[in-house]
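Q: Line by line, the protein sequences are chains A and B. With the first letter of the first sequence counted as 1, position 57 gets the number 57 in our numbering; the numbers rise by one all the way through. With the first letter of the second sequence counted as 1, position 80 gets the number 80 in our numbering; the numbers rise by one all the way through.
There may be inaccurate statements among the hints.
To spell it out: a stretch of chain A is covered by chain B in this simulated footprint if at least three of its residues, at any positions, have a beta carbon under 8 Å from a beta carbon of chain B; those stretches are [as the list claims (entries may be wrong)]: (1) 9-18; (2) 23-29; (3) 56-63.
Distance condition first, Cα-Cα at most 25 Å in a straight line; then the derived DMTMM-like pairs of lysine to aspartate or glutamate [unchecked claim]: (4) A:K19 / A:D99; (5) A:K43 / B:D1; (6) B:K44 / A:E10; (7) A:K43 / A:D63; (8) A:K46 / B:D75; (9) A:K57 / B:D75; (10) A:K43 / A:E73; (11) B:K112 / B:D87; (12) A:K12 / A:D63; (13) B:K55 / A:D31; (14) A:K19 / A:D31; (15) A:K65 / B:D1; (16) A:K57 / A:D31; (17) A:K43 / B:E110; (18) B:K108 / B:E84; (19) A:K46 / A:E10; (20) A:K87 / A:D31; (21) A:K57 / A:D90; (22) A:K46 / B:D87; (23) A:K46 / A:D62; (24) A:K43 / B:D65; (25) A:K23 / B:D1; (26) A:K46 / B:D1; (27) B:K44 / A:E89; (28) A:K65 / A:D99; (29) B:K55 / B:D87; (30) B:K55 / A:D99; (31) A:K12 / A:D62; (32) B:K44 / A:D99; (33) A:K46 / A:D90; (34) A:K43 / B:D75; (35) B:K44 / A:D31; (36) A:K13 / A:D99; (37) A:K46 / B:E84.
Derived by calculation from the structure, the hints in this document are not laboratory data. Where a beta carbon is used, it is the ideal one built from N, C-alpha and C, also for glycine.
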Amino acid sequence: QIQLVQSGPELKKPGESVKISCKASGYTFTDYAMHWVKQVPGKGLKWMGWINTYTGKPTYADDFKGRFVFSLEASASTANLQISNLKNEDTANVFCARDNHGWFAYWGQGTLVTVSS
Amino acid sequence: DVVMTQTPVSLSVSLGGQVSISCRSSQSLVHNNGNTYLSWYLQKPGQSPQLLIYKVSNRFSGISDRFSGSGSGTDFTLKISRVEPDDLGVYYCGQGTQYPFTFGSGTKLEIK
Numbered sequence: 001q002i003q004l005v006q007s008g009p010e011l012k013k014p015g016e017s018v019k020i021s022c023k024a025s026g027y028t029f030t031d032y033a034m035h036w037v038k039q040v041p042g043k044g045l046k047w048m049g050w051i052n053t054y055t056g057k058p059t060y061a062d063d064f065k066g067r068f069v070f071s072l073e074a075s076a077s078t079a080n081l082q083i084s085n086l087k088n089e090d091t092a093n094v095f096c097a098r099d100n101h102g103w104f105a106y107w108g109q110g111t112l113v114t115v116s117s
Numbered sequence: 001d002v003v004m005t006q007t008p009v010s011l012s013v014s015l016g017g018q019v020s021i022s023c024r025s026s027q028s029l030v031h032n033n034g035n036t037y038l039s040w041y042l043q044k045p046g047q048s049p050q051l052l053i054y055k056v057s058n059r060f061s062g063i064s065d066r067f068s069g070s071g072s073g074t075d076f077t078l079k080i081s082r083v084e085p086d087d088l089g090v091y092y093c094g095q096g097t098q099y100p101f102t103f104g105s106g107t108k109l110e111i112k
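Throw the hints in and build the complete structure from the sequences for me.
A: Right, here's the structure in full:
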């Protein structure tokens with residue numbers, strides 16, 4: 001069956017960096033784009049952007065340009081999100097989600113990133 | 001950006017009852033290819049969102065026929081009939097017609 005399994009929770013200090021992974025299984029990784037979605041605890045969903053898993057080209061939403069990097073380890077069917085120079089407002093649950101050409105049929109379980117001094 | 005406006009913010013329903021959730025977009029969600037990429041998700045407490053409906057009215061695999069989606073252009077509705085305890089959570093509409101993808105702010109369903 002199709003699964004997206006994300007890396008575990010992270011506790012970081014302001015200014016540090018974090019890398020979150022999303023390992024896909026049950027389908028051909030390069031056939032579907034991977035998206036990233038942020039959810040501040042108790043709040044709604046915010047789309048961060050996506051990465052073309054065939055070409056590796058990332059596209060970022062305006063609020064996620066600069067400190068955010070989407071990357072791939074295609075041989076391992078894994079998409080990664082790195083956030084540098086962490087700020088308190090980066091505290092959130094981050095989900096990877098597989099693009100089914102306009103909607104998200106499969107989601108990772110979420111990775112909670114907590115930024116606190 | 002396309003703004004997705006969901007109403008109501010919350011609603012309470014008795015088991016076995018029926019509810020409707022409205023989602024309106026600030027622009028038409030009809031894509032150049034003729035498809036309308038409006039989807040509905042349910043996020044149960046402590047879980048990831050799960051897809052219920054895609055392209056306005058198509059139920060995802062394994063989703064009960066108690067869930068139905070309708071609408072066109074900028075005005076969409078999710079209906080849940082014969083509400084069950086497992087239906088509680090927050091419902092989101094989302095659009096994938098144009099970048100950036102956007103979501104509604106959510107409707108919290110509580111069981112009376």
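Q: It remains to establish, for every hint, whether it holds in the given structure.
A: Hint check results:
1. Residue count for the region 9-18 of chain A with a Cβ under 8 Å from a Cβ of chain B: 0. That is fewer than the three needed, and the coverage hint is violated.
2. Only residues whose C-beta sits within less than 8 Å of a C-beta in chain B count toward coverage, and the region 23-29 of chain A has 0 of them, not enough to reach three; the restraint is violated.
3. As drawn, the region 56-63 of chain A meets chain B at 3 residues by the rule of a beta-carbon pair under 8 Å; at three or more, the given contact holds.
4. In summary, the hint linking K19 of chain A to D99 of chain A is supported, as the alpha carbons are separated by about 21 Å, within the 25 Å threshold.
5. With a CA separation close to 19 Å, the supplied pair K43 of chain A and D1 of chain B stays within the 25 Å bound.
6. A threshold of 25 Å between alpha carbons decides the hint, and for K44 of chain B with E10 of chain A the separation of about 23 Å falls inside it, so the pair holds.
7. Proposed proximity of K43 of chain A and D63 of chain A is supported: the alpha carbons are some 17 Å apart, at most 25 Å.
8. Among the hinted pairs, K46 of chain A with D75 of chain B is consistent with the structure: their alpha-carbon atoms are about 21 Å apart, no more than 25 Å.
9. For a cut-off of 25 Å, the pair hint linking K57 of chain A to D75 of chain B is broken: about 33 Å separates their Cα positions.
10. Restraint check for K43 of chain A and E73 of chain A: the C-alpha separation of about 31 Å exceeds 25 Å, so the hint is violated.
11. For the hint linking K112 of chain B to D87 of chain B, the alpha-carbon distance of about 12 Å falls within 25 Å, and the restraint holds.
12. Proximity of K12 of chain A to D63 of chain A is assessed by CA-CA distance (about 21 Å); at most 25 Å being required, the pair is judged to hold.
13. Between the alpha carbons of K55 of chain B and D31 of chain A the distance comes to roughly 20 Å, so the proposed pair stays at or under 25 Å and holds.
14. Straight-line distance between C-alpha atoms of K19 of chain A and D31 of chain A comes to about 24 Å, which keeps the hinted pair within the 25 Å bound.
15. In summary, the hint linking K65 of chain A to D1 of chain B is supported, as the alpha carbons are separated by about 16 Å, within the 25 Å threshold.
16. Distance check on the hinted pair: K57 of chain A and D31 of chain A sit about 14 Å apart at the alpha-carbon level, within 25 Å; holds.
17. A distance of roughly 17 Å separates the Cα atoms of K43 of chain A and E110 of chain B; the hinted pair therefore holds under the 25 Å criterion.
18. With a C-alpha separation of about 14 Å, the suggested pair K108 of chain B and E84 of chain B falls inside the 25 Å cut-off, and the hint holds.
19. Of the supplied pair hints, the one linking K46 of chain A and E10 of chain A holds, its CA atoms being roughly 20 Å apart against a limit of 25 Å.
20. Distance check on the hinted pair: K87 of chain A and D31 of chain A sit about 34 Å apart at the alpha-carbon level, beyond 25 Å; violated.
21. With a C-alpha separation of about 23 Å, the suggested pairing of K57 of chain A with D90 of chain A holds against the 25 Å cut-off.
22. Straight-line distance between C-alpha atoms of K46 of chain A and D87 of chain B comes to about 23 Å, which keeps the hinted pair within the 25 Å bound.
23. Only pairs whose Cα atoms come within 25 Å are accepted, and K46 of chain A paired with D62 of chain A is accepted, the gap being roughly 11 Å.
24. Restraint check for K43 of chain A and D65 of chain B: the C-alpha separation of about 28 Å exceeds 25 Å, so the hint is violated.
25. Of the supplied pair hints, the one linking K23 of chain A and D1 of chain B is violated, its CA atoms being roughly 30 Å apart against a limit of 25 Å.
26. Pair hint K46 of chain A plus D1 of chain B holds up; C-alpha atoms about 12 Å apart against a cutoff of 25 Å.
27. Distance hint between K44 of chain B and E89 of chain A is fulfilled; the C-alpha atoms sit about 24 Å from each other, no more than 25 Å.
28. Proximity of K65 of chain A to D99 of chain A is assessed by CA-CA distance (about 20 Å); at most 25 Å being required, the pair is judged to hold.
29. For the hint linking K55 of chain B to D87 of chain B, the alpha-carbon distance of about 21 Å falls within 25 Å, and the restraint holds.
30. In summary, the hint linking K55 of chain B to D99 of chain A is supported, as the alpha carbons are separated by about 13 Å, within the 25 Å threshold.
31. About 24 Å separates the Cα atoms of K12 of chain A and D62 of chain A, which keeps this hinted pair within 25 Å; it holds.
32. A hinted pair counts as satisfied when its Cα atoms are at most 25 Å apart, and K44 of chain B with D99 of chain A qualifies at roughly 21 Å.
33. Distance restraint check for K46 of chain A and D90 of chain A: the Cα-Cα separation of roughly 12 Å lies within the 25 Å cut-off, and the hinted pair is therefore satisfied.
34. The hinted pair formed by K43 of chain A and D75 of chain B meets the criterion: a straight-line CA distance of about 23 Å does not exceed 25 Å.
35. This hinted pair does not check out: K44 of chain B and D31 of chain A have alpha carbons roughly 29 Å apart, beyond 25 Å.
36. For the given pair, K13 of chain A sits about 32 Å from D99 of chain A by alpha-carbon distance, which is inconsistent with the 25 Å threshold.
37. For the given pair, K46 of chain A sits about 28 Å from E84 of chain B by alpha-carbon distance, which is inconsistent with the 25 Å threshold.
Hints 1, 2, 9, 10, 20, 24, 25, 35, 36 and 37 from the earlier list are contradicted by this structure; the remaining hints agree with it.
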